[in-house]
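Add 50 to a position in the sequence shown, counting from 1, and you land on the number used in the numbering used here.
Mixed in with the good hints there might be a few duds.
To be verified - Label-pair restraints from in silico Cβ distances:
| # | residue 1 | residue 2 | range |
| --- | --- | --- | --- |
| 1 | P475 | L74 | 26 to 32 Å |
| 2 | E259 | L74 | 15 to 21 Å |
| 3 | P413 | R165 | 44 to 50 Å |
Quick caveat, the hints were computed from the structure, so don't treat them as lab data.
Values in this document were obtained by computation on a predicted structure and should not be read as measured data.
Just so you know, even glycine gets a beta-carbon here, dropped at the ideal spot from N, CA and C.
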Amino acid sequence: MGVKHVSPVSEKGWNERERRLWSLSLFAGAAMLYASRATLPLAIAKISIELDWTKATSGSVLSAFFWGYALTQIFAGSLADRYGGERILYVSSLVWIVLTVATPLVLDLAVLTGRPVPFAILLRIATGVAQGFYMPSMASICSRNLNSTEKGRIFGFCLAGTHLGVVIAGFIGSSLLTSYGWRSLFHFIGATALIWVAVYHYILSSTSEKRKLSNLPTISISESALEVPWKTLFTHPGFWAATVAHYTGSNAYFMIFNWLPTFFHDVYPDANGVLYNVLPGLAIVCTSTTAPYVAAKLHAHGHSLTRTRKIVEGASLVGMALLLYCISPLAPFAVTLALFTLAMAIRGLHHGGVSVNPTDFAPNHTGAVFGIFNSFGAITGFVGTFVAGHMLEATNNDWTAVFWLTALQNVIGAAVYATFGTAQPII
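Go ahead and model the full structure; you've got the sequences and the hints to work with.
Written out as structure tokens, the structure is:
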């Protein structure tokens with residue numbers, strides 16, 4: 051039986067110090083990943099004015115990122131499981147950081163050609179491809195270095211870093227956009243991400259060196275373990291129930307993520323940008339970091355893991371649907387902001403539900419399965435964002451129709467997962 055050697059980690063996984071270092075590093079990396087991803091949604095209103103883009107054009111450019119992101123997810127997890135996600139994550143992160151810093155320059159040069167939109171779309175696709183390696187690699191790293199009781203909790207914590215990144219970008223970005231223009235936002239986030247990747251490389255190198263000095267073996271994964279039984283997975287209703295729930299929840303999240311700054315810019319033009327760019331993101335940071343622990347407590351108090359996942363995910367999807375249904379562009383700014391903030395807070399419960407479900411039903415193939423699983427969620431990034439842009443264009447900015455359609459999909463996702471979802475091992 052052949053073996054593949056992957057990145058240096060001991061057969062026993064991380065020790066306590068390494069677990070803390072890697073957890074915090076991956077959390078911070080996820081934060082920078084989403085801070086980078088948030089730059090264009092935050093700046094799109096000002097870029098659209100400068101380049102005379104319509105809502106449909108803006109939606110096409112925003113959604114292009116997810117074409118590349120979804121495509122990469124399909125194979126990134128398998129590569130991470132086979133060769134180790136540590137170095138794949140490092141190299142791919144360098145690429146998206148460079149592309150983030152270069153975005154203003156590329157757009158400025160593209161304007162000179164008279165056709166900036168195709169260049170903007172290609173740039174976003176390339177950024178999506180590079181960022182698509184992060185989550186499957188992180189899933190693979192956590193799966194190989196944590197025991198079964200730690201995987202869901204710590205992986206959920208690391209995923210929660212994505213929302214902190216949105217808060218960072220929203221808080222700092224609002225000031226930068228006002229004082230220094232949209233280009234400064236890309237430069238600042240890119241430079242900050244470079245600092246993180248340097249720290250990550252140091253942790254990776256020091257961990258490798260310590261294991262060599264201690265004569266600890268690297269993990270050897272057999273070829274049979276790497277052969278994912280896809281047929282078994284794809285014919286199990288539990289996988290598709292989780293996928294539907296993940297798709298609908300992601301659609302709601304990405305709709306808010308991509309269109310919230312534009313919504314407030316259009317409907318409440320005099321509102322303080324820091325408030326609506328920061329408060330919803332801050333709310334989801336609080337709930338997403340605590341959701342894995344809430345789920346663990348529910349499980350410890352006698353609920354089966356399957357029931358725990360259904361309770362937490364159901365509360366997330368249905369709660370978000372009810373709040374989106376209540377949002378109206380005619381309401382006062384404070385009321386609308388409160389509803390969006392609560393909706394994002396409830397979305398954070400997802401990190402104790404479907405978000406970590408692949409560690410339950412595919413414990414030995416988490417990286418590969420999470421990549422496929424997350425690609426369905428990423429599809430909403432371009433389908434949902436693209437559709438929303440064209441709906442707004444066709445209906446003369448009828449935001450209520452967009453919110454109601456999104457809420458309906460959430461209810462469907464909750465019903466499907468409540469009926470067929472599982473946290474039992476499938477493969």
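Against the structure, the hints come out as follows:
Checked against the hint of 26 to 32 Å, the pair P475 and L74 passes, with Cβ atoms roughly 29 Å apart. Separated by about 19 Å at the C-beta atoms, E259 and L74 satisfy the suggested range of 15 to 21 Å. The supplied range of 44 to 50 Å is met by P413 and R165, whose beta-carbon atoms lie about 49 Å from each other.
In summary, this structure violates none of the numbered hints.
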